[in-house]
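*Asks:* Chain by chain, the residues:
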Amino acid sequence: MPHNNRYYIIKSEDPNLPQIEAVIVGQPNTQRYNLDGSKLVVKLHQGDHSDYPFLDGVQEYDHEQILEALNNDQWQREIP
Amino acid sequence: MSIQYPIIPIATNPVGIDAVVIDLQGLLNSNLSWLSDGLGRAYKMNKVRSNGAAQILPLVYLGTSNYTYFSAQPDNDKQGQNFILVGDGLHINQQQGFYSILEYDISIIFSVNLKLINAPLLLTEDFTQNLMAQVREVLLRQTLGKPYNIGQITETRIFGDVYTEFDILDDSPNTGKAMTEMSYFRFNFSTQIKETCPVPVLPSISCFSMDLDGVIEYIQAPINTAFDLVRTDSMSFECWVKFDSFKLIDHLIAKYQVGKGIVFSVFNNELRFDLQNNSSTNRITKYTTGALITTGIWYHFVATYDGSENASGVKMFKNGVQLSDGFTVDTLTGSILNTQNVKIGAFPSAGFYSNALFNVARWWKTELTPAEILFPYNSGAPVINTVRFSDLILQSHSGNGATWNGSEFDIVDATGITAGYQTVNAEEVDKVEICPT
Numbered sequence: 001m002p003h004n005n006r007y008y009i010i011k012s013e014d015p016n017l018p019q020i021e022a023v024i025v026g027q028p029n030t031q032r033y034n035l036d037g038s039k040l041v042v043k044l045h046q047g048d049h050s051d052y053p054f055l056d057g058v059q060e061y062d063h064e065q066i067l068e069a070l071n072n073d074q075w076q077r078e079i080p
Numbered sequence: 001m002s003i004q005y006p007i008i009p010i011a012t013n014p015v016g017i018d019a020v021v022i023d024l025q026g027l028l029n030s031n032l033s034w035l036s037d038g039l040g041r042a043y044k045m046n047k048v049r050s051n052g053a054a055q056i057l058p059l060v061y062l063g064t065s066n067y068t069y070f071s072a073q074p075d076n077d078k079q080g081q082n083f084i085l086v087g088d089g090l091h092i093n094q095q096q097g098f099y100s101i102l103e104y105d106i107s108i109i110f111s112v113n114l115k116l117i118n119a120p121l122l123l124t125e126d127f128t129q130n131l132m133a134q135v136r137e138v139l140l141r142q143t144l145g146k147p148y149n150i151g152q153i154t155e156t157r158i159f160g161d162v163y164t165e166f167d168i169l170d171d172s173p174n175t176g177k178a179m180t181e182m183s184y185f186r187f188n189f190s191t192q193i194k195e196t197c198p199v200p201v202l203p204s205i206s207c208f209s210m211d212l213d214g215v216i217e218y219i220q221a222p223i224n225t226a227f228d229l230v231r232t233d234s235m236s237f238e239c240w241v242k243f244d245s246f247k248l249i250d251h252l253i254a255k256y257q258v259g260k261g262i263v264f265s266v267f268n269n270e271l272r273f274d275l276q277n278n279s280s281t282n283r284i285t286k287y288t289t290g291a292l293i294t295t296g297i298w299y300h301f302v303a304t305y306d307g308s309e310n311a312s313g314v315k316m317f318k319n320g321v322q323l324s325d326g327f328t329v330d331t332l333t334g335s336i337l338n339t340q341n342v343k344i345g346a347f348p349s350a351g352f353y354s355n356a357l358f359n360v361a362r363w364w365k366t367e368l369t370p371a372e373i374l375f376p377y378n379s380g381a382p383v384i385n386t387v388r389f390s391d392l393i394l395q396s397h398s399g400n401g402a403t404w405n406g407s408e409f410d411i412v413d414a415t416g417i418t419a420g421y422q423t424v425n426a427e428e429v430d431k432v433e434i435c436p437t
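For the record, the sequence lines run as chains A and B. So in the working numbering, spot 51 of the first sequence is number 51, and the numbers just go up one at a time. So in the working numbering, spot 338 of the second sequence is number 338, and the numbers just go up one at a time.
Chain A with its partners taken away, still in its complex shape (with noise of 0.2 Å):
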């Protein structure tokens, strides 16, 4: 099943922040942190990278690739 969305991790503290948001999927408050807090994972209703300028140095994940970016421990606790 093809998701052909472009995902980015964002820092929690990114000055852009409420410029991306108004461009990804979802609310504000229904986005996906890392344990820590201080990174989030953001996707874009359209287009990539090149359609705003504010994203500029971030990278640029497909589907495939935030999968294997999120399989650790910072994004994941631990099973008991």
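Don't take each hint at face value.
[As the list claims (entries may be wrong)] Stretch-level coverage of chain A by chain B, calculated; a stretch enters the list once three of its residues show a Cβ under 8 Å from a Cβ in chain B:
(1) 3–15
(2) 19–30
(3) 33–47
(4) 65–77
[Unchecked claim] Derived Cβ-Cβ restraints for the label pairs, each shown as a range:
(5) A/80 / B/87: 50 to 60 Å
(6) B/403 / A/56: 34 to 44 Å
(7) A/53 / B/281: 45 to 55 Å
(8) B/337 / A/56: 17 to 27 Å
(9) A/71 / B/296: 10 to 20 Å
By construction, these hints were calculated from the structure, which means they are not laboratory data. Just so it is clear, CB atoms sit at the ideal spot from N, CA and C, and this is done for glycine as well.
Go by the hints and put chain B onto chain A.
*Replies:* Here is chain B on its own, set in the frame of chain A:
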């Protein structure tokens, strides 16, 4: 004459015995002035408890948005009630290349309140035979010229024979009503119809699932006390799901905060069920062994719990078959209650998001039997009419019942308990026309 339940559905293109049943229902309703509740086919029987005794009752589908069944047991509030039973079918003169004649056993079962029909007459006589004669008139005369035949008819007025397929209590000794007001009778006959050829093709039904990305998307139910089951409550979970990839753990259905609550999940290619008060020291955790769950395949998963507070009370099923127990922790003594929403496909607080297609997801406040688990699996998916509807507390037809509201999908709560479920962080393209196979 008025029919008390005008919402009884009429199929738009019934064939075979279904067409006969609908035709008979129409003839009886239009010819019997005393028939206030002329019901259709009794589709299933429901085992209930009344005053400590088990009863198996006839249920007739009414076709409402909640897939409601009406219990057609005798009721002295109803002037005249009937329903139709369809028994075994027999192929007669079956030859390849020729039409077959199909013969079915049919029974029509009546319960009437003679007082409501004609109270003055009841003071002097039991006029049940008069009513039966009118039914005979319909079956033998009004069906002339129909594309089906009515075979030899037998009749009975003995209560136990009238309801022989059911366990219905005759409460006349308690109420005294049956001796005077209530009367019961039944007609048994066979009907012969010509096989429909060519075999009709059912209209295709679109079937949608919700495609969760495993990154930020999930489905959530609103807070409701109906979901506040405790460790002594029995419960069951059902889920049709197809994984695109796995994490270490993938939540199916959960009402969970970190360390406390209920979780049905997939862990390391096995099913896992948790009831937790404390994720380290106070919990039931049970894994299956040999489940061999993999990606790219639709699965029908079920977990049941008997409310015993023991891990032995947990059973898990894959595609209708109970799986062997694996690693188990059995230390639960504390409360599992928490204030979290029920979530399908994720546990955001811990960063667990399932990358999978979700179709139907259900939660019952009862322990389903193996037969009740096998039924929806064997019926294919999505099965709209499920077992134990009265014990359902969550039923999400995750794709089929979803409409895009501009920012998320609103998903119908088929139980009617809540105003509905909703996706979180979804996109309109996440509703995909893919059905469990």
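*Asks:* So, for every hint listed, does it hold in this structure?
*Replies:* Checked hints:
no.: 1; hint: 3–15; verdict: holds (count 3)
no.: 2; hint: 19–30; verdict: holds (count 4)
no.: 3; hint: 33–47; verdict: holds (count 6)
no.: 4; hint: 65–77; verdict: holds (count 7)
no.: 5; hint: A/80 / B/87: 50 to 60 Å; verdict: 54 Å, holds
no.: 6; hint: B/403 / A/56: 34 to 44 Å; verdict: 37 Å, holds
no.: 7; hint: A/53 / B/281: 45 to 55 Å; verdict: 52 Å, holds
no.: 8; hint: B/337 / A/56: 17 to 27 Å; verdict: 48 Å, violated
no.: 9; hint: A/71 / B/296: 10 to 20 Å; verdict: 19 Å, holds
Checked against the numbered hints above, the structure breaks only hint 8 and satisfies the rest.
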